[in-house]
Structures are given as C-alpha cells and as structure tokens.
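2 protein chains.
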Amino acid sequence: MTTNQLISEIRKKNSFLCVGLDVDLEKIPAFFLKEEDPIFSFNKAIIDATHQFAVAYKPNTAFYEAYGIKGWKSLEKTINYLNENYPEIFTIADAKRGDIGNTSSRYAKAFFEDLGFDSITVAPYMGKDSIEPFLAFENKHTILLALTSNEGAYDFQTKKVGEQELYKQVLETSKQWKNSENLMYVVGATKAEYFTDIRKIIPDSFLLVPGIGAQGGNLRDVCKYGLNSNIGLLVNSSRGIIYASKNDDFAEAAAGEAKKIQFEMKAILDGVH
Amino acid sequence: MTTNQLISEIRKKNSFLCVGLDVDLEKIPAFFLKEEDPIFSFNKAIIDATHQFAVAYKPNTAFYEAYGIKGWKSLEKTINYLNENYPEIFTIADAKRGDIGNTSSRYAKAFFEDLGFDSITVAPYMGKDSIEPFLAFENKHTILLALTSNEGAYDFQTKKVGEQELYKQVLETSKQWKNSENLMYVVGATKAEYFTDIRKIIPDSFLLVPGIGAQGGNLRDVCKYGLNSNIGLLVNSSRGIIYASKNDDFAEAAAGEAKKIQFEMKAILDGVH
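Protein chains in written order, with the working numbering: chain A, 1235 to 1507; chain B, 1235 to 1507.
Bound-form chain A, shown alone:
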C-alpha cells in the first residue's frame, strides 16, 4: 500500500485508528476455545466488527509465536483474511525485528512477501545495514522504534548522545538511509510533549502511536503536537478494544470502543481543517 492510499483511507473514514490484535487465549470469550483455531476466529470477529472505524490492524507477533506453529497458522490466516476481505486496510506486523543485513533481508521477505504485511516494526540498535534491507521493498513501510511507551524507554532512548537524546539521534540518522521515504516511526503516547521536538526532525513522516488507553496516553494531546498536514498519525489501541467485553457481546463491545475513538478522531480532524 502506498502512503497516499493510507492517507486517502484515513480521510474517507475520518479515522487514524489502528487496532492491536494481541490475542491472549486467557482473555478472549471462553466459547472460542472450542473452535479449531480460537485466535483466528476471535480476530475475524473483531475485524468484522471494527473495520469500519479503523484504518489499520497490528498483530503483535509475540502473541502468536507464544503458541508455536499453531500460533503462526493463526497469524497467517489473520493476515490473509485482512488482505482478501479488507484490502484497503493497512497491516502492521509488530515484530520489532532487526539483525545484520543478510538476516534482515530474510525477515523482510518473510513479512512483506510471504505473509503480505504492508509494514513491520523494527528496532534501531544495530543501525543502518540492519534496516536498509527492509527499506528496499517498494510500497512497504518500515516502522522504526524511536521513543517507546514503556518505563524502560528512559534507560537508553532519552539519554543524551552528544547534544540530543538517543531517540532524536535515531530520527536524524535514519533520515539519511537509502529509501528513507519508506520509514515510519513508533512514538509512545505517554510522552505527548515530546511530539513537538519530534515533528521538527520528521515533519512529514507517519508515526505509529501505542499507549492510548491501557498505557495511559491521551489522544487529544498526541494530536495537538503530533498531527501534520497529511494527518501523519496512526494511533493504536489493543486491549481497550479487543477485550472490551469477555461475554457474548464482545464484538459489539469492541465495535463500541472503536467507534468511540473514531468519533473523537473525527472531532479532532474537524477541528483542525
């Protein structure tokens, strides 16, 4: 998917919501456990119920790997279901990969070509040659961890490297990489005040923002400092939507939560333009 297609979808739906598919068998309605593939069945129901309010879905691969080969099958079925039924949806493999060049090429092929994801999250620690193999794929997007929403973000990311914090150094440096126009960035919502500085460095890039809801971020603050003329934000919510109810009404409850966020997003977008 091209960035322009994503932007046009956002404008059409008045939504920049990403739904995180972090599925835990202990948290989904119990009746799914009787199904052949509980995770996929649950995802399918959630996607069908929420897709009109969302522009992106983000399975975190750890939740699938935790169930071994079965889990990988569920992931494969989920991405296939999305691509077949909702090709207008932007898909994110939240995998946080990154390795030396020939290995990163393998990951890129696996997630972009074989599984057919539009994008993947990657970690910056190993630098340029660990990321460029991902950037080489046309109309695929590489979402680099910059400032994450967890407490450990303060261990290294916000430490000063010379004049500026490490995460800013990551932003600056990555702009110089080949095909850097295919980069997006993870910026946690728990630190809305940081968005002003971030937008000075990467005014045009899309930011994937986790941490709304369960992790404590505030949507209005994030938008105030993070929106750009092309929206430039994908705001993720996982548990708040997919676990809105553990009962028979789980799908309607998920749709209700997604709609609530989309409604807020529309109000914000209406206020801006």
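Calculated from the structure, these hints are not laboratory results. All values reported here derive from a predicted model rather than from experimental measurement. Treat the hints loosely; a few may be bogus.
Copies of the same chain look alike in the list, so a pair counts if it works inside one copy or between any two.
Below 20 Å or equal to it, Euclidean Cα-Cα: the simulated EDC-like pairs (lysine to aspartate or glutamate) are [said to hold, decoys possible]:
| no. | residue 1 | residue 2 |
| --- | --- | --- |
| 1 | Lys1343 | Glu1260 |
| 2 | Lys1247 | Asp1504 |
| 3 | Lys1393 | Asp1363 |
| 4 | Lys1412 | Glu1385 |
| 5 | Lys1494 | Asp1348 |
| 6 | Lys1343 | Asp1258 |
| 7 | Lys1247 | Asp1282 |
| 8 | Lys1394 | Glu1406 |
| 9 | Lys1434 | Glu1372 |
| 10 | Lys1409 | Glu1385 |
| 11 | Lys1434 | Glu1399 |
| 12 | Lys1304 | Asp1348 |
| 13 | Lys1394 | Glu1415 |
Mind docking chain B on chain A? Use the hints.
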C-alpha cells in the same frame, strides 16, 4: 542449563565453539531438497558431524521464519533433536527480541519453555522492563546485544552517551537489572580491541562473539582480550562451517572446519592455563 554446566562442558571439550545454524535452501547440497524437511535433515547431519567440537548451537530464527510455518517446524525439530540427543549442548535462539513487559513474557515463554532453548538473544533499546521478563527464568540465559559486528554498530552503539559509549552504558545499566546474573552479551569479534574495556565492566559474564570468519574477526585477538578465568566466551561461526562444502562431503567438510577451530581453541586454552 546452568552456567557451571556450560563451563564444565567447555573444559571437557576444550572448545568454546558455537555453530550458527543459519540455513539457506540455496546454499545446502541440492540432494537435500528432495527430502521432506530439507532444513532439519541438513541441520541433523551438521550437528551429528560437528557436536564433538562444539559446545553450543545457534539457529538464527530469521532463517526459519523466512520459510513460514514449514520453517518453524524445522526449528522445532532442530531444537528437539539437540535436546534429546545432545542435552549437554548449550542452545541459543538467535531471535533478537525485545518488547514491552507483557509481550516479552510471551517471547520468553515461547523460546524457553515451549521450544526449550537454553538462551535467547535480545535487543536493549526498550530498556529494563523489556528484558527483565526474560531474566526471570531460572537456569535460562538472556544474551543482550551490546556491540554487534556489523557496520551499523557505529550508528548508535559506539556513540558517546555522556562520558561513555552507548554499548558501555548498556553493559553498566543492565548489571543493575533483577536477576542480572542470567545475562550474557553479544560482542562482535570485528572489534577485538574493545574487549579490554568491556571486561572492565563485566569481568565475569559470558560473551557470545559472532563475526569469526565470514565477518572478519580474529580468534586469537578476541581471546587475548576477552577470556576470563571461566573462559567466558562462546565464539560463533556459521557459514564457514555449515557451508564448507556444497557436495556429498559437506558433513565431513563441516566437521573439518569445526575441528580446525576447536584445535585453535585448545591451543589458546593450553597457553592460558
């Protein structure tokens, strides 16, 4: 496996060689392609031929993920084969994972409990709460990326954070994490002169050293600066061993290469003690 068991195995075999199982279908002897599971069959042959010269095996998970569910089956069979036939061997899932706490717990469970690896490589960028879930597993080892062997290591890892380079900051900070005795570190062999400083910070920890051979590191230099009283090194070679020949003699050729390195290691250990 406990660290003491690993040390005793190293002393018994006079080897601290780790064999990297980075299997590429295009590089293994063509006759394997007729088999039901070419990757596992190849790994099995390599392991059987080289196990007496090596103390550890390290499949890089990217190479398996690249083949989708089939690849995961090959990985599962490989680790099961190692655990069943060579329980004295230290196993490393080279996965370079790292995510927020509840997600890292998933990865830890998947690799330590379900797959049964002794250790996993992880990336430090997300800090303490992304790593501690791994450290919580008893007699399992978490191998933190410190200084990698690729060119991109100079992008961030060697940048000064305050008084010292980022990778040193990673070493210092990680020592304070809970159960830090379960930490080992990745330190690339292409930078042997760095080992002196590294040993000042973590004198007792095991270091996993990639980059001997294909990536240009030198075994004697690494040992000169990196060995400690408990050896404290696992030196990895992947392509140099597993692709020593593409013909019928691939297993003997792999054994020959492994033996050559083990012979050098023995000479170094004999010189030290």
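Here is what the structure says about each hint:
| no. | hint | result |
| --- | --- | --- |
| 1 | Lys1343 - Glu1260 | between (32 Å within a copy, 15 Å between copies) |
| 2 | Lys1247 - Asp1504 | within (12 Å within a copy, 70 Å between copies) |
| 3 | Lys1393 - Asp1363 | between (23 Å within a copy, 16 Å between copies) |
| 4 | Lys1412 - Glu1385 | between (31 Å within a copy, 15 Å between copies) |
| 5 | Lys1494 - Asp1348 | neither (35 Å within a copy, 39 Å between copies) |
| 6 | Lys1343 - Asp1258 | between (27 Å within a copy, 13 Å between copies) |
| 7 | Lys1247 - Asp1282 | within (15 Å within a copy, 58 Å between copies) |
| 8 | Lys1394 - Glu1406 | both (14 Å within a copy, 16 Å between copies) |
| 9 | Lys1434 - Glu1372 | neither (26 Å within a copy, 45 Å between copies) |
| 10 | Lys1409 - Glu1385 | between (26 Å within a copy, 17 Å between copies) |
| 11 | Lys1434 - Glu1399 | within (14 Å within a copy, 26 Å between copies) |
| 12 | Lys1304 - Asp1348 | both (17 Å within a copy, 12 Å between copies) |
| 13 | Lys1394 - Glu1415 | neither (26 Å within a copy, 28 Å between copies) |
Violated hints, in rising order: 5, 9, 13; the structure is consistent with all others.
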